[in-house]
Amino acid sequence: MSAKSWLRLSSSHAAAIGLTIVLLVVIGGGVGPWLTGSPSAMDGRAFCPPGPGCLLGSDDLGRDMLARVANGARVSLLVGVAAAAVSAILGVVVGALAGFAGGRVDEFFMRVAEAFQIVPQFFLAILVVALFGPSLTKIVLVIAILSWPSTARIIRAEFLKLRDQDFVAAARLAGASRGALIFGEILPNALPPVIVNASLQIASAILTEANLSFLGLGDPDQVSWGQLLFGAQPFLNQAWWMAVFPGVAILLATLGFNLLGDGLNDILDPRQRGRSD
Amino acid sequence: MVHLAPGDPLNFITGEGDISNEQLARLRQEYGLDRPLSTQYILYMAKIFQGDLGYSYRYREPVLDLIQDRVPATFLLMMPALVLFVGLGILLGIVAARRQNSGGDLFLSGLALLGWSVPVFWLGQLLIIACALKLGWFPTQGMLNLRAPTQGMARVLDVLWHLALPATALGMRFLALSTRMTRSSMVQVLRLDYMTTARAKGLPERVVLSRHALPNALLPVITIIGMNMGTMLTGSVLVEVVFAWPGMGRLLYDGVLARDYPLIIGIILIVSIVVVAVNLITDIVYAIVDPRIRYT
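Which chain is which? The protein sequence lines are A and B, in order.
Everything in the first sequence is counted per my numbering, starting at 1 for the first residue and increasing by one.
Everything in the second sequence is counted per my numbering, starting at 1001 for the first residue and increasing by one.
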């Protein structure tokens, strides 16, 4: 196939490749830990290089890296998906309120959204986690609270566009309540761009969790990919495999979700291009 | 708010040794930690407006001085990322847009998405493993060689030699971002009618691109770069930790480890001001350059 025809299909290809990678990572995280055993069992030789016996090597305490990376998939995916879900719900609620009500309510919520978007989010996350102590729930909530404005803006714009269309007016004339108008008529039509955004948000949440963990601000009771890289930093000289494999896992997961988001975006609306931060 | 956190800064000051309750009480008084939180907060706010960010518990120096000492190193780290890598990204974006949908375009776009997905600090670790440890081309950390010459050209070269890897790790994300943005913005501009007009006038393709397309295509790119100032500073913290680069990010990391609250808050305050200011400047510049936007 020539490059041109390949690219003509590439909008769907990007989504397909992304989806494949995402599924691989999800299966790895779902099934992997059953096969590899406990991530904290110290039953092997310390600093065993990758090879037969320990496929991805072992860490400074003799723990198997394959088991740790597979378990890390669970934690990192959980954080990514949970944070994106909470953030999407927050964003949809605020965006729907602002877009449907308009006027002062709209003005107020959009100023709040701008305030959230302009502050350096990662630094606020550092501050909150450093203050309240690191736990998975807190990390998820912090990421969600700092990332809802993009969804809210998208939903608001969709609501403004859809609010005055004929099918909504028809429902209104038929005596539909406000709730029925918002949830039954407008919201289902406004959701596609939110799904695209959610995919990009998962990628960005996984990265944020990894960044926090790398600064020693991850949940100490959980093995996430970022945590593994934090642990690998002192041993870069002795055990390259401790740093390489968890990082490859992060790269695959974020690349997968980014590709999926980009691909869906091209499929759903070829002209719209969003910021993926 | 910081004080809700578990842990007490006095633990760090006193260390592991035995210390009597009286001594603790005296220290508490000395640092003002015995007063009610509301009083501490009001005093802190009052001082901030006088340009006083308080004293670091750990270094026992004014926070502002500590930050000022570290800003040049962070600035030095960010410059190549902002100038070199963004410049390169814009070039690659133009190349990709000119041959839109070609194999080369696909390759560059894929590479840009890869660069956008890779964790900054992991890229740093990879560079350390590959270029510093295995190949031995670059030093693994720090900004200066201990036995390096203290002045002149040799010192500058030494710093640049130490700068190469961390700057690359930090710049990659911006290379990716500017490639992506330039490409999509150029593709949109190239479709517009006035491009056809310019070509129809018989202008050479080079002039059409550089004089007519580029200035308009670059506007959104510059805005996006400005809006990503926070991302840049985030990356800088992570890269500084990986490479033990003596900048503001490293200082923040040390502050978090030591529960040095005035230092943490001081740095985050400064960073927030910088980010908000850059955003504001970006908006203003955009409004000046683009006559379609007027604030009323």
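Just so you know, these hints were derived from the structure itself, not from any lab.
In this text, all values refer to a predicted model and were calculated from it rather than measured experimentally.
All residues carry an ideal CB built from backbone N, CA and C; glycine is no exception.
Any given hint could be a false lead.
Claimed, not checked - Incomplete in silico selection of chain B near chain A, CB under 7 Å: (1) GLY1110; (2) LEU1113; (3) PHE1138; (4) VAL1159; (5) SER1210; (6) THR1234; (7) VAL1256; (8) VAL1276.
Evaluated hints:
1. GLY1110: 9 Å, violated
2. LEU1113: 6 Å, holds
3. PHE1138: 13 Å, violated
4. VAL1159: Violated, about 22 Å.
5. SER1210: 24 Å, violated
6. THR1234: 4 Å, holds
7. VAL1256: 5 Å, holds
8. VAL1276: 6 Å, holds
Going through the hint list in order, the structure does not satisfy hints 1, 3, 4, 5.
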